[in-house]
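Chemist: Given next are the chains, with one letter for each unit.
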Amino acid sequence: MTTVEPRVVPGAVTTFQVASPDLEAVVRDLADLRLADMFASGAEHTTLRLVWANDTAGQAGYVVTETPVDSGEYPALSDIAPAAFVEECEIYEQFGTRPAGGKPLNRMMLPPHASLPTLGRKPPAEPEEARAPHMVGGQAFEFPFGPVRQVGVESLYYGLVTSGEEVVDLYLFTWHKHRGLEWRLQGKTPEQALFLAERTEGLSAVAMTWALAAAAEAAAGVQPAKAAQRTRAVALELERLYNHAAAMAALCQSTGLSVGQSAAEIALERLLRLNASAFGHRYLFGVIGTGGASRAPDTDAIRDELPGAYSEFKRAADALLGTNSFVDRLEATGILTADQARDLGLVGPVARASGLTADARLVPGGPYGTQPAVATATAGDVLARFTVMLAEAAESVRLIGQFLDAGTAASTIELPRTAGTGLGWAESPRGEALAWVALGDDGRIARARLRPASARNWRGFDDACRSQNVFTDIPIIEASFWLTAAGMARLQGRRRMTLWFIRGIRRGVVTTRYPARPDASARFLPTPPAFRPRALTRVTADRLVASCPSGALRRDGGVLSYDVGRCTACGRCAAEAPAAVQSSGEFELAATARSVLIKRIPLREER
Amino acid sequence: MTAEELRETIARQFGRSLHIRTLDTGSCAVCEQEIRLLTAPHYDLHRLGFFFTPAPRHADLLLVTGPMIRAFEVAARKTYDAMPGPKVVVATGACALGGVYPADPFTHGTVDAVLPVDVWIPGCPPSPLALLHGLGVAVGRLAEKVRDLPFTADDHPERTRGDS
Amino acid sequence: MTPLDFLYAAAAAWLAAALAGVLAARTAGGLRACCAVSALGGVAAAIGGGWSLVYGDTPVVSPGGATVVGGPLQLQATSLAGVFTALLGVVAVAIAWYAPRYHKPSGGTALYLAAYNVALLGCLAVLTAGGMVTFLIAWETMSLACYLLILRHPRAAPVARGAFWFLALSEAGFLLVVAAFVILSSKTGYTTLAGISAHGALVPGGWRAAAYLLALSGFGFKAGLVPLHVWLPEAHPVAPADGSAFLSGVVVKMGVYGIALFAFRLAPPAGAWPGLITMGGGAVTAAIGILYAMAERDIKKFLAYSTIENTGIIVTAFGAAMIFHASGQQALWAFLLIAGIYHVANHGCYKTLLFLEAGVTEHATGTRDMDRLGGLVHRLPRSAVIAFAGTLGIAALPPLNGFVSEWLIFQGLFQGFRTGSHLTGILIVLAAGTLGLTGGLAVYAFVRGFGIPYLGMPRTRQAATVSEKGQPVAGPALLAVACVALAVGAPVMLYALDKAARTVTGVTLGPLLLPGNLTVIPAHADFAAFSPTYLAVFLSCALAVPLLIYVAGRPRASSTTVPVWDGGIVSFKPRMQYSAMTFSAPTRVTFDALYRPSVSVTRPSDDDPAGRSGPVHYEARVTPAFQRYLYRPFVRGLEWLADLVRPVQSGDVNLYLLYVFVVILLAYLLGAV
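If you read the protein sequences in the order shown, they are chains A, B and C.
Read in order, the letters of the first sequence are residues 1 to 607 in our numbering.
Read in order, the letters of the second sequence are residues 608 to 771 in our numbering.
Read in order, the letters of the third sequence are residues 772 to 1444 in our numbering.
It is possible that some hints are incorrect.
[Said to hold, decoys possible] Derived EDC-like pairs: lysine to aspartate or glutamate, alpha-carbon spacing no greater than 16 angstroms straight-line:
{"hint": "1", "chain 1": "B", "residue 1": "K685", "chain 2": "C", "residue 2": "D1337"}
{"hint": "2", "chain 1": "A", "residue 1": "K599", "chain 2": "B", "residue 2": "D761"}
{"hint": "3", "chain 1": "A", "residue 1": "K599", "chain 2": "A", "residue 2": "E586"}
{"hint": "4", "chain 1": "A", "residue 1": "K314", "chain 2": "A", "residue 2": "E395"}
{"hint": "5", "chain 1": "B", "residue 1": "K694", "chain 2": "B", "residue 2": "D755"}
{"hint": "6", "chain 1": "C", "residue 1": "K1072", "chain 2": "C", "residue 2": "D1140"}
{"hint": "7", "chain 1": "C", "residue 1": "K875", "chain 2": "C", "residue 2": "E942"}
{"hint": "8", "chain 1": "A", "residue 1": "K226", "chain 2": "A", "residue 2": "D300"}
{"hint": "9", "chain 1": "A", "residue 1": "K226", "chain 2": "A", "residue 2": "D405"}
{"hint": "10", "chain 1": "A", "residue 1": "K599", "chain 2": "B", "residue 2": "D755"}
{"hint": "11", "chain 1": "B", "residue 1": "K752", "chain 2": "A", "residue 2": "D405"}
{"hint": "12", "chain 1": "A", "residue 1": "K188", "chain 2": "A", "residue 2": "D556"}
{"hint": "13", "chain 1": "C", "residue 1": "K1240", "chain 2": "C", "residue 2": "E1133"}
{"hint": "14", "chain 1": "A", "residue 1": "K122", "chain 2": "A", "residue 2": "D79"}
{"hint": "15", "chain 1": "A", "residue 1": "K103", "chain 2": "A", "residue 2": "E66"}
{"hint": "16", "chain 1": "A", "residue 1": "K103", "chain 2": "C", "residue 2": "D1379"}
{"hint": "17", "chain 1": "A", "residue 1": "K103", "chain 2": "C", "residue 2": "D1378"}
{"hint": "18", "chain 1": "C", "residue 1": "K1072", "chain 2": "C", "residue 2": "D1142"}
Derived by calculation from the structure, the hints in this document are not laboratory data.
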């Protein structure tokens, strides 16, 4: 136990042990830092860890404090640090440990009507007063929205407490998408874990896998090569670009500006095709590997196509900023003050638009050597968030050019099988994504903590929505936050008014025949593998089966059973046995019977 | 109604105009992004007579993503029941087809554990082109290709990135 | 045989019912007997009133030479009062059918029924009064009987307050009415109403205007014109349901009758400006009435404000009629009088119906608060259907009667350009616009008034477990039938009203109103036309089409029943429905200058930025503008005056002796002079 006060070392992660009685004093002392995360680990002997971040440019770094809480209670931190409240609720659900003081907690991850496994022990009988009630009285009512909402958005339940016009209060239920990812990662190797980490919040796949890989590298004491780090950064900036284009499209959709939405979607599609031609996947899955990057970018493709794609983006953005009817909807809507953002520990464009300077790229020691320009604004409304995103997009283009000039390469390092703990971070398009791992002696994950930016920022959403008009402003605010429900519910699990033309009920509304000719962009899409039976020995087949993270391959005696449906085209089987596997080039794979998707490939007969 | 009759009904009734309701049973949000791009200018679903509708009562086709998380089961059944017949269920993405997440206490792992699926579209995520093809197959306008593909290398020439 | 004979019979029946009430209504049998006699009186009054529409005015009689308070009792059954009398009769029958199931036999009920029947008698006397004194005595009798009516449960504070407001403002109005009558009778030299109206020309223009304004204010207190209306939402909700129905359906119309008397029959004032004032007052009343109705959760208070709105509509019609008369448009003068009186009949029917149904709801669930009800259409199906008929009527939706009378009023107002003067034309159009706003808000308000209690899910256990057993149905059903009859039989009604209006205006509209083929036109052939009868038939047929499709199509396709789509949530709670106040929130936002709402919100995030959930409470209160800014200062002024004068009543005997001495001295001096 140290009595030295925790201090941040720029570019590094320093860990301090703090005894439970001292915890409250330490939290008060560190009040000028941002509380980035809080989590527990260890079913038998629970340790509470808090992660603090210093966001000042040039001095950015992290502090982790570790506190054993075997007694089942720890000081109530959310009274002094409101940013810790959501995590207190999660810890209670997963480990049964409550903050002292007995204040009721919200329901976070566990659905009320199912009993799911947890990371630690659950309380034997949940006490009545543990859960905070939802009660609405007087002249307001709860407008239930979801979980099945508009078309094409994720499942998320909002209870909008409204007086009929304004939003009096808002609360979210995010347990509909609780997939138990942290529970699943236990016992996996870091390489296997990256597959699931990508799918925590697919729209931040690069950031989340980078954070997890960096955490594992820190635990194993491995440093990726500089060129591979630059590859990672190129992928991250491409991810930022397409997410901001998608956010722009969502903003246009929420304000009903179809022309703007189409323009933004054109830019978005071009950026996604750029991703596919540069890295082989539209959403940049499979780029990050342990110790570096698994794929190098096609630099010619990026240099050729990025200027065009970005100019589409900029054209749409400039036109939107010049459209008064659009800007009026954004101005003074969904205001988050700097104090609110600071108290809740928000990150990303949401925090930067309220005047905070949190940006994980500022931490020295990564590939962002010369600090990227961080855009901030002070108004804290939707317009400020939008302008911050536009400025970041411009900066991303500049950074990509810079990294390509400095040289990128694909290289990975197999992590040594050692025990250790490590913290990793990356600035996802929504904000800082954090990951922490504890590796066991066999190098497998004993505890992984994934904290995408959405998990931090959703708590600011109801503050931004209060006292706004119910129906028209909330989709706008939601689009400006550009979060995902998947990113919130990863622990252990607008208004689109489509115009229907009811004309020609018998004759229909077909205007063009489909498909006229094959689409040129299709050649860059990732496709499931095809197998060479002549190269498939039983040994090879078993190696392929072990390498598939999705369970698409199985060996039945002398036949390799390949389920095309389960295949994610991740390429791990091709990397494992290149002689036996190649890309099939087929992506129109729809089937009307499930059995049609299961292919049986005969193995080479061995003498 | 036999499968053949169902297919004929679908081709006759929906072949020219179809309303689609999406359902997220726990996806990572990338499948949803690809589905949203179906109405983008590059793909433009509406020219084919397909439309999105938020009301299950008006929907003919349920486009399901995600591994059918157990906590979502009630909502999924309610959405399916709220659709009047005849209706088609299309499971989209590797998660929905049983990949990525095996069946365990959190998820069923595959959509057809809870809903009767008629068409399966593999991919992670299935690109909008794959989705359009899948929707065309679902209404009987396009032919199913995968049935005849053996996925062995002799039949698929080596394809490197950048080949046309 | 004249209509007056039927009215004598009605009066006798009601007198008998009052006695029966006092003597026998402590038992169930006596209660029923009292109501049966009251119903007979109602039938007689309805026949008498209806007949007098076409019969014309009977001569003024003093039956048996009876005298009342210093003058002969003078009675006359006029055509103008015919609709009011018929309405009185129909309402009496409906309430008589309703009361036995609503009231429990007891001493309080006995007194109540006696007071009620005396009130009926008083109303009848007001309507058949042929002389000034008779009118005033009858008016006061009616007011006092209504006061006793309201005080059915005198121990409750709101009841006492409501009754007090009723009485105080009723007396204030009475004073003004007395003044108006005195002016007219002293200038013309006659005390019979027929005499005054025949010699109206003897009254100089200024006095006529003064008398009219006094009458407008005095009767405006009773009718509920803004700003004289504040007693109405206090008094009407606290009376028993049939009492409220009677008050809103009939007694308020007595005020309207008084205004009609002074505006059309007894020395109508010259010039357009009295009509403009009347029309303007009516339009403002209508708008303010419905706006305040939107902010009420108590069903009866909501209906009370709606009564104010409808009074406004009727008075607007009368005012516009006066303007047309002043500019020589006699046909439109008669037409708008007819339209206004038609609206009186219609409103009487559906408002009474709605109050009776509110009473059924209160009886069954124990609450009048809309936010504690919901889903009553399943538990009280017959009441729901009847209430729906009343709602359609009051929201002026075709094909029911409210639509017919509002159409007539609107068509009259739209012809404002015929007055010749741009200013009056514009003002009439403004009044039409205000009535249009009112009509739109009324539809909104009554969707809320019917939808929140009857549709959706029950919001409380009380609402979920009600039953219709023992609830009165026949009385309200009669009124629903009357509503439909008034709509489909509009041509008949208009024919009778035309004849009635002739006695006052001297103008026969005949083919200018009913050109034949069951069509109605607004006093001019080239303006508009519609047929209420054909509309009703057409709409019924139109409704039949989906029914036929359903019946024909059902066997061929299988159907399943699934719950309403709720977004997939696990359990849909009743609190997740719109409530009365949240449904009307948009009007509170738009008209916040009138409402000046004060909002109080408590939510967990106010003290706790962390986002812990907890109870949320939201209240928005509407400022009662008239009470606060008009009446309270006035009452304080009176109290201040009273304080000034109090020293006079010191209690000192010597001072009183001094007063006596001073007065005698003064009397001598004045006598000497």
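Chemist: Are the hints correct? Go through all of them and say.
Modeler: Structure-based check of all given hints:
no.: 1; hint: K685/B - D1337/C; result: holds (9 angstroms)
no.: 2; hint: K599/A - D761/B; result: holds (15 angstroms)
no.: 3; hint: K599/A - E586/A; result: holds (14 angstroms)
no.: 4; hint: K314/A - E395/A; result: holds (12 angstroms)
no.: 5; hint: K694/B - D755/B; result: violated (27 angstroms)
no.: 6; hint: K1072/C - D1140/C; result: holds (10 angstroms)
no.: 7; hint: K875/C - E942/C; result: violated (32 angstroms)
no.: 8; hint: K226/A - D300/A; result: violated (20 angstroms)
no.: 9; hint: K226/A - D405/A; result: holds (13 angstroms)
no.: 10; hint: K599/A - D755/B; result: holds (10 angstroms)
no.: 11; hint: K752/B - D405/A; result: violated (43 angstroms)
no.: 12; hint: K188/A - D556/A; result: violated (25 angstroms)
no.: 13; hint: K1240/C - E1133/C; result: holds (14 angstroms)
no.: 14; hint: K122/A - D79/A; result: violated (24 angstroms)
no.: 15; hint: K103/A - E66/A; result: violated (23 angstroms)
no.: 16; hint: K103/A - D1379/C; result: holds (11 angstroms)
no.: 17; hint: K103/A - D1378/C; result: holds (13 angstroms)
no.: 18; hint: K1072/C - D1142/C; result: holds (14 angstroms)
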